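Peer 1: Spelled out, the chains give:
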Amino acid sequence: MNIDHHAPPPPAGPVPWQSDFAVGLLADMVRIRRMEEKSAELYGAGKIRGFLHLYIGEEAVAVGALHALSVEDNIVATYREHAHALVRGMAMSTIMAEMYGRREGCAHGRGGSMHLFDKATRLFGGNAIVGGGLPLAVGLALAAKMQNENRIAACFFGDGAVAEGAFHESLNLAALWKLPVLFCCENNLYGMGTALERSESQTDLCVKAASYNMPALRADGMDIVAVHETTKQAVQRVRESRGPVFVEYQTYRFRAHSMFDAELYRPKAEVEEWKTRGPIHTFSARLKAEGKLTEEQFLALDAAANAEVADAVAFAEAGTWEPVEDLLKDVHTPEGVAP
Amino acid sequence: MSRTLSYREAMREAMHEALANDPRVFLMGEDVGRYGGTYAFSKGFLDEFGPERIRDTPLSELGFVGAAIGAALGGMRPIVEVMTVNFSLLALDQIVNTAALYRHMSGGQFSVPLVVRMTTGAGRQLAAQHSHSLEGWYAHIPGIKVLAPATIEDARGMLAPALADPDPVVIFEHAGLFNMEGDLPDTRDDLMVDIRSAKVRRIGTDVAIITHGGSLSKALAAAGQLAAEGISAEVVDLRVLRPLDTAAIVAAVAKCRRAVVVDEGWKSGSLAAEVMARIMENVFYELDAPVARVCSEEVPIPYAKHLEDAALPQPEKIVAAVKGLFA
Chain L
1 MNIDHHAPPP PAGPVPWQSD FAVGLLADMV RIRRMEEKSA ELYGAGKIRG
51 FLHLYIGEEA VAVGALHALS VEDNIVATYR EHAHALVRGM AMSTIMAEMY
101 GRREGCAHGR GGSMHLFDKA TRLFGGNAIV GGGLPLAVGL ALAAKMQNEN
151 RIAACFFGDG AVAEGAFHES LNLAALWKLP VLFCCENNLY GMGTALERSE
201 SQTDLCVKAA SYNMPALRAD GMDIVAVHET TKQAVQRVRE SRGPVFVEYQ
251 TYRFRAHSMF DAELYRPKAE VEEWKTRGPI HTFSARLKAE GKLTEEQFLA
301 LDAAANAEVA DAVAFAEAGT WEPVEDLLKD VHTPEGVAP
Chain S
340 MSRTLSYREA MREAMHEALA NDPRVFLMGE DVGRYGGTYA FSKGFLDEFG
390 PERIRDTPLS ELGFVGAAIG AALGGMRPIV EVMTVNFSLL ALDQIVNTAA
440 LYRHMSGGQF SVPLVVRMTT GAGRQLAAQH SHSLEGWYAH IPGIKVLAPA
490 TIEDARGMLA PALADPDPVV IFEHAGLFNM EGDLPDTRDD LMVDIRSAKV
540 RRIGTDVAII THGGSLSKAL AAAGQLAAEG ISAEVVDLRV LRPLDTAAIV
590 AAVAKCRRAV VVDEGWKSGS LAAEVMARIM ENVFYELDAP VARVCSEEVP
640 IPYAKHLEDA ALPQPEKIVA AVKGLFA
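Chains as they are written, first to last, in this note's numbering: chain L, 1 to 339; chain S, 340 to 666.
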């Protein structure tokens, strides 16, 4: 078996990016963090209901990976996807309005937190079935291949999805048919409350992926440099080979699985230990040490993120409700509308 | 002019036409290529259209149905052949949780123009795991359309409108029909079938027998026997199981004032139950007798011929149910 599952370590030494690019990625991570913190607060206040899954702690993965993709690529995400929608380009106000259940949300309040869709940025959801997005990404890649399009499909999913049949069927099909899929496994070590070693006989997820005869890379998901550089390399391999590549991002969520989770399954010390590796403070410290970021710049981008959040909340607060008379809308496509 | 075709040939011709006319259309499923289709519906297609458009899949129902949904979202018009309804249970998640919900969940941003075809039904001594009639389950789900072609005309004429539909359409083909023959017109314009309406297959005045799929021929046989005994039965072929053509049901029952619903699904929670409920809701005061139904017995379908026959709707059971309304 050709196991090719250790990406070269990220270039040692300084962050290999121009200051503007590096600070831009940092700013995206901060935007996510501030949006998620506010979402938790709004959940407590009863403004957001249903399930709410926060991305706090995992920001480097979505930001580093999505910035390695093209606007033409197709993205499939999970129910923990606010960050992906935001980085991909959906307005924070639209995301917030959807979480409020407002008509001004991306799905007019029909989807909520777990179902953010955006045709304009080729975001194909927001999928609340674990593993449900993987076959979809395979099909999007198949369509691209059959229509001679250059776009690839990037599919985000968690370590929990690896136990699903959909994972195995999708990796097999993508490799068998040589389809341009980037499988992005956000391994945060727990499928809800079940630790990886309590659900997988083989906990090396790259070994599983490699068994389907595709390159499998691993990156430190707390280090945005490692995430971005590894993903860039993986994307290039997908584009050149027109076949699938698997990337495992080892990461950690700092918050509970959802707002109903008492976190009985993991020690507090483990959470605190991972927080020392938090992607925002480690990266900003690194940039500062390299003279690529000043404290004033950091405070400014943080203030901008907070202002964006405040605007988004104001937009959602001022939003309207989809009329109940339109309840049955969009079950089917209206006549005369092309899909 | 007309010509005689089998159900299998009619469906094959419909797929051939779709593949020849629209480069976005492709066929995928287990053994649709080299094998020529489990039921030979796609024999010769691989040579004619090539492996890109005639895709043999692994035994991976969830994976390839989900991939077809993705391909539909990506601009293609896939026809997915799931070998039988029995195996479609492995793909139920993708059909119900993705295809059916996608447009609504996305606030109308994305439609899924997908056609899923599968064999359904019992009657060939294939035993419990190969004899399900679960189209009623699918007909429960908002967001998909469910078709059951029971005639040569429908086998030939339902695929094109299904492919033209912007939303997912699931087509159930009863295995007992594949060798049935019938006449079709030569001109293509006469072949298109309206996939929104039921169709009266026999006109009558005394009782409406409402059915679909593999039970249609049994209902027609029963109607023939009843005619010999002086009872004029109207036979309604639902053929579109979702959305149900309530108006057609109501019209037939209002005219005949008696009704028997025939459904190869099990009685409890069946499509027959839904049809009966619509009769109660809409035409109760026109009835001269309680509505009756003939369904499969509440037992996994057995292998032995005499037991299988006893488990399924049969013309004699339909005749008996009709006579019961006149007792």
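Hint data in this document are derived by calculation from the structure and do not stem from the laboratory. You may find that some hints are simply not true.
Computed list of lysine to any residue pairs in SDA-like fashion (alpha-carbon distance at most 20 Å, straight line) [what the hints assert, rightly or not]:
| hint | chain 1 | residue 1 | chain 2 | residue 2 |
| --- | --- | --- | --- | --- |
| 1 | L | 119 | S | 505 |
| 2 | L | 38 | L | 319 |
| 3 | L | 145 | S | 392 |
| 4 | L | 119 | S | 448 |
| 5 | L | 178 | S | 397 |
| 6 | L | 119 | S | 499 |
| 7 | L | 145 | S | 616 |
| 8 | L | 329 | S | 395 |
| 9 | L | 119 | S | 414 |
| 10 | S | 594 | S | 628 |
| 11 | S | 606 | S | 616 |
Please read all numbers here as calculations on a predicted model, not as lab measurements.
Peer 1: Flag every earlier hint the structure violates by its number, smallest first.
Peer 2: 6, 7 and 8
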